[in-house]
Amino acid sequence: METKTAAGRVLLDCRGISKSYTGPQVLDEVDFSVDRGEIHALVGENGAGKSTLIKIVTGVTDRDSGELEFDGTAIPRSHSKKAAQELGIAVIYQELSLIPGMTVAQNIYLTKEPRFRALRLIDLRRMNDDAQALIDRYGFPLKAADLIDRLSIAQRQTVEILKALSDRASLMIMDEPTSSLTSAEATRLFDIIRKLKAEGISVLYISHRMEEVFDLSDRVTVLRDGRKVATLEKVKIDPAEIIRLMIGRDLGESDRGRRMTRKAGEVVLDVRSLSSPGLFRDISFELHRGEILGFGGLVGSGRTELVRAIYGIDAYDSGSIRYLGKDYRPSVRASIAGGIGFVPEERRLQGILAPISVTRNIGVANLDVLTKAGMVSGRRELQFARRGIALMNVKPDLPDMPVGSLSGGNQQKVVLGKWLIRDLRLLIIDEPTVGIDIGAKEEIYAHIEHLAAQGVAVILVSSDLPELTRLADRIIVLRKGRIVKEFDEGVVSEEDVLLASSGIVEGARR
Amino acid sequence: MSLAALRRLILIGLMLAIGAALATAHHVFLTMGNLMTILQQGSLTGILAIGFTLVMITAGIDMSIGAVVAVTSMVAVNFLSYTKIPVLLFLPLSLFVGVVVGSLNGFFITRFKLPEFIVTLAMRGILSGLALMIAVRDSTGFIQNVYIQDPTYLWFGGQAGPVYIVTIAFLVLAFFTQLFLKRTRAGTNIYATGANPAAARLSGINTTRTIVGVYIFSGVCASLAAVFISSQMMTAMPDLGIGTEMDVIAAVVIGGTPFTGGVGDVWGTVIGAVFLALLKNGITVLGISPWIQPIVVGGIIVLTVIADVWYKGLAEAAAARGARRARDAAADGAAA
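Chains as they are written, first to last, in my numbering: chain A, 1 to 510; chain B, 1 to 336.
Note that these hints are calculated values from the structure, not bench results.
It cannot be assumed that every hint is accurate.
[Said to hold, decoys possible] List of simulated lysine-lysine pairs, DSS-like, C-alpha gap at most 27 Å:
hint : chain 1 : residue 1 : chain 2 : residue 2
1    : A       : Lys236    : A       : Lys112
2    : A       : Lys441    : A       : Lys395
3    : A       : Lys263    : A       : Lys197
4    : B       : Lys312    : A       : Lys395
5    : A       : Lys372    : B       : Lys312
6    : A       : Lys263    : A       : Lys236
7    : A       : Lys263    : A       : Lys234
8    : B       : Lys84     : A       : Lys395
9    : A       : Lys326    : A       : Lys263
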């Protein structure tokens, strides 16, 4: 078996890789390989196991079982990031791993600077010359002496690639490399990737953007729920086929998507031609009482920015909003006072007050009700907290516990609970179930549905397609800041939403 | 028992033990006069530390408080001796020095998003220069200390029975500040801002106003301390209070308010301030070189922080175990 990989064309060979963190299987017996000089795309929905697989290959996480071989060398179950790097596996990050105050050359040669023999001082001139030679060999528009701070994100990415090249990496892993690039920059990146391929370097490419995957890849591997579904050769790559494999239900079953309905009745929110330069453009929609309006689209399509503007966190440039029949200039305070709740994405960064008790976390959104003459009633605050805890079934049900010590699902229940004990007319939720276990997910869905049944209007932003199609009465799909599709009648499947998000609106459909 | 309560119990126990040791070591220690002096010293640091605690809860730091003490005392003493306006009118004006400095600190921190440490350190430099500039000088240019003669002003440095006025003021201030922190909306805003400013803003909290507010409060506390210190010394000097930041930080950290923000309270700081005063008094009573005091204070800050980090590690491990148990129990429940 060793001879097969050592001399053969397979560079990375994974056999039967399994992994579970706590509870469900994240990777289940995955077989997967990357050839030398191949561009191999790895696709799958959120939570399909792509990141975990990458983490195992790069030595960030240990696998539970399975064999891993790179360039003919067996990799032990627990290997370090450094070991992976020395073998020739490199990950291209967007900007995090570069040091801003240093030059391009310093970053490329960080920890492996060329040095004089005497005194071991760093040979700055040689370092710059080497770096410039490397840059010129690939024809990048960079200077070795440029400071990282002055570079665009795309340029930083090329520095990352140079750094990997100087490490003699034979496999470069790129995770959503185009997510913050302009289309011209992305095209340039693809040229670089093809150049790498011509040099015999393999690229493992992870992306949600189907058109890139089809353009670039020699092969595509589809993961779903921790299992490998298929690896397709270039000739057989068909967008619709891949999307169906990703979503993973048979055609008959995938048609079983939810029937969209346009609710009549009182208009709670009426948004007209809302625009904010560079973020979203000309967004118009109506939201009715008791309606759950889903926003689909790729990460970075402008959904989060749109709902933040509606809630009053960020300003918008033009357009108008009417809320409950009146003109509305959003501000966070006015939104809270007017019965709008907001559950932000990134729970840890924006949702919770981690070191503070559950009681205060719930109290903080209800201070208007809890305060009399500037004084907060501790007794009433605790009552509110107990109501929130009971309503959301927060475990453990200890009001004094710092929210940061709860599990992710329970943290999110607290964030949601602080709004649900209020008299809401509109609830905005952004990616409500990221990183949450299935049990808590179901509970949160039940609360959202119950809320809508009581007449509260809900805006749901989600990249989790089953979540979106299950909960939403209507789905609006954003792409590059614009509405590209509105599903308001008939049956909508996850496939339809994904096709619209990827910009393949009808073309690929049979 | 809550973590904060446990910490206080340990500190009080330590204080009793140290006190008992000092009492057997030297007969002066346990006299009423000495005990009241400890409280007086603790109160002076403590008034500064109360303001500092609020700043630390917002995850900030105020390095300017010592210099605020210097400038306020110079303003209070010098202006008083020249203008002869009544003290009871003049004191609020002195406290206004703290308001101005705190507003400036808060303004630069929030408006230009500057690091708190840099802004307040620069302010410290500016104010200590100002204190020298407004000093009264004789014909040869030497600074002349003005002595306070006004009996109302001197009252602040005096005693009511055995207890110093400053101790009473300190405890009253502590009581109301604690009430403010725990029971008012503004107090809640301070905790939320320190714990997670992004989340606080999403809950409708004006974090800018909150931050400016705590720096103003810290400035006012420093100005108030300046009144007591200058009154006790019957004069003011341009370097009065400069360097006290060290003791103040020690008191707050011992009291259990961490640098990370979102956590802490005033009673902890009160105990921290008295604890520190007791240690320093012990060093004096035992006749050990006073130069050892700053070494002890520095050492205590490091030891306390090490203990806190160590404890936090333990607590997090325990919480993770608890969460795992809860999940397993839930899974078992679902299976059954």
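For which of the previously enumerated hints does the structure constitute a violation, in increasing order of number?
-> Violated: hints 1, 3, 5, 6, 7 and 8.
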